[in-house]
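Novice: As a plain string of letters, each chain reads:
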Amino acid sequence: MYKITRSPWVMHYDGSSCNGCDIEVLACLTPVYDAERFGIINTGDPMQADILLITGSINTQNAPVVKQIYSQMSDPKVVVAVGVCACTGGVFKDCYNILGGADQVIPVDVYVPGCAARPQAIIDGIVKGIGVFQERLEKLENGTLKQEEKEDTEEKKEED
Amino acid sequence: MAKRSVIPYGPQHPVLPEPIHLDLVLEDEKVVEAIPSIGFIHRGLEKLTEKRDFNQMAYVAERICGICSFGHGYGYCETVEHIMGIEVPARANYLRTIWFELSRLHSHLLWAGLMADAFGFENLFYQCWRVREKVLDCIELTTGGRVIFSVNKVGGVIKDITPEMQKAILDTMDYVEKETKILKKTFMNDYSVQSRMKGVGVLTKEQAHALGCAGPFARASGIATDMRMRGYAAYGELDMEPIISNDGDCYGRCEVRIGEIFQSIDLIRQAIGKIPEGEIAAVVKGNPDGEYFMRIEQPRGEADYYVRGNGTPNLDRMRVRTPTFANLAGLCETLKGADYADIGILVVTIDPCISCTER
Chain A
1 MYKITRSPWV MHYDGSSCNG CDIEVLACLT PVYDAERFGI INTGDPMQAD
51 ILLITGSINT QNAPVVKQIY SQMSDPKVVV AVGVCACTGG VFKDCYNILG
101 GADQVIPVDV YVPGCAARPQ AIIDGIVKGI GVFQERLEKL ENGTLKQEEK
151 EDTEEKKEED
Chain B
1 MAKRSVIPYG PQHPVLPEPI HLDLVLEDEK VVEAIPSIGF IHRGLEKLTE
51 KRDFNQMAYV AERICGICSF GHGYGYCETV EHIMGIEVPA RANYLRTIWF
101 ELSRLHSHLL WAGLMADAFG FENLFYQCWR VREKVLDCIE LTTGGRVIFS
151 VNKVGGVIKD ITPEMQKAIL DTMDYVEKET KILKKTFMND YSVQSRMKGV
201 GVLTKEQAHA LGCAGPFARA SGIATDMRMR GYAAYGELDM EPIISNDGDC
251 YGRCEVRIGE IFQSIDLIRQ AIGKIPEGEI AAVVKGNPDG EYFMRIEQPR
301 GEADYYVRGN GTPNLDRMRV RTPTFANLAG LCETLKGADY ADIGILVVTI
351 DPCISCTER
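Each protein sequence line maps, in turn, to chains A and B. To convert, note that position 10 of the first sequence is 10 in my numbering; the numbers rise steadily by one, no gaps. To convert, note that position 253 of the second sequence is 253 in my numbering; the numbers rise steadily by one, no gaps.
Honestly, the hints are just simulated from the structure, not real lab data. Note that the coordinates shown come from a computational prediction; the quantities given were computed from them, not determined experimentally. Treat each hint with caution, since some may be false.
To be verified - Example chain B residues on the side facing chain A (calculated, C-beta under 8 Å, incomplete): (1) ILE35; (2) LYS47; (3) LEU48; (4) LYS51; (5) ALA210.
Quick reminder that beta carbons are idealized off the backbone N, C-alpha and C, glycines included.
Given only the sequences and the hints, what does the whole structure look like? Please build it.
Specialist: As structure tokens, then:
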């Protein structure tokens, strides 16, 4: 058993956000906030990513894209919803094309509120995400992660 | 004829901060045709006029886009003010001009960084964003927000810039000017930067005119179009000339945008020097009844606003045409015949703002 305390690789996908949170995610990685000092690297490849940062709400066209990116990430994986749109739909909740927050299509672990979310909050969200990642890793090694996922899907089916 | 292949580009791509999908038809390494498909960020916020009243819509309009947020809020408020016949106080107009130029400054520095990232110059990317943070500090000092300002309302602005803040802004402008001169040297004179930008994606003046391009993209092709010359807000009282370049390639676009950074710094200094004392907002009574159309210059080019009211708090229609929508046709033209490796640069070079375009 090994312990992960830092250096997660994050991947960023813009759902249907207004860009405000996207540029704040990028601002986290550049000087002043400099998340790279914690080893946080922004990668464009879902297969190498540990944490998915999703900004903006889900609409009918990007729902399959978000699902596909999530399914391409290898286990264990963590999803951080950045900004109030990714949490609930935010100011666009009542728009006709918006299904809701990111949790409508994929399981979300950490919610970072704010419009736009500040870089400090985003870095805090990623650090909380590392804690979730560590739990998942332990479960993966015990062989209980897959089981848990099955229970989750069964529960959802019952709800439906 | 060489074998043709179709390569999907996006919506998730390392170069793109925003999702846009292009189907690229390639012959060997050359692009023959690019077919864009959009709709990944479509929210349908224009329809929100049915559920939000015209005062609340000012905040929704600001969230059309997070980078040109102030411009959208301003464009919407100004349009409604014209319908209702509200005289905005002179000080509010100057404050709006200062904030508008600050947002242009941060947008252009952001673009310069993304451009450097697109051609693989990570160090330059970080340097541009380091300078940009100083501009954001100014914005945070005066409005309280970093990217979404929320200072516009129908009738004026909700916050004032005190003399201490004005001094802080002027100090920051000195710093940004000094640092941007160093960045300019790298962008304009560096051999490897030039080899990626010179002669890439040429759009002639005739093509740019025929395709209806806007903003720095059109100005780089030699068309002197700048809506600020129309003199809205306080621009009529400030000295400015549109910055143009005749190259029409990526280098020219870079030259125009860097020139505009210095122009914005100059405009902010002029506006702070001339700012009058007085009220910052006019009293708003009644509901908008009638229609108005106006054009303003966003960091990315000309944006058009149309609002129609019917005498109730809820507007009949609100319509926005954004600069990236006008520039997409020009982008598809420049992509034809480009190398596959230059696609990232060419897409970034129009400074795409997809969330504006799709709303």
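Novice: All hints, please: hold or fail.
Specialist: Against the structure, the hints:
no.	hint	in the structure
1	ILE35	violated, 16 Å
2	LYS47	holds, 6 Å
3	LEU48	holds, 6 Å
4	LYS51	holds, 5 Å
5	ALA210	violated, 29 Å
Checked against the numbered hints given earlier, the structure breaks hints 1 and 5 and satisfies all the rest.
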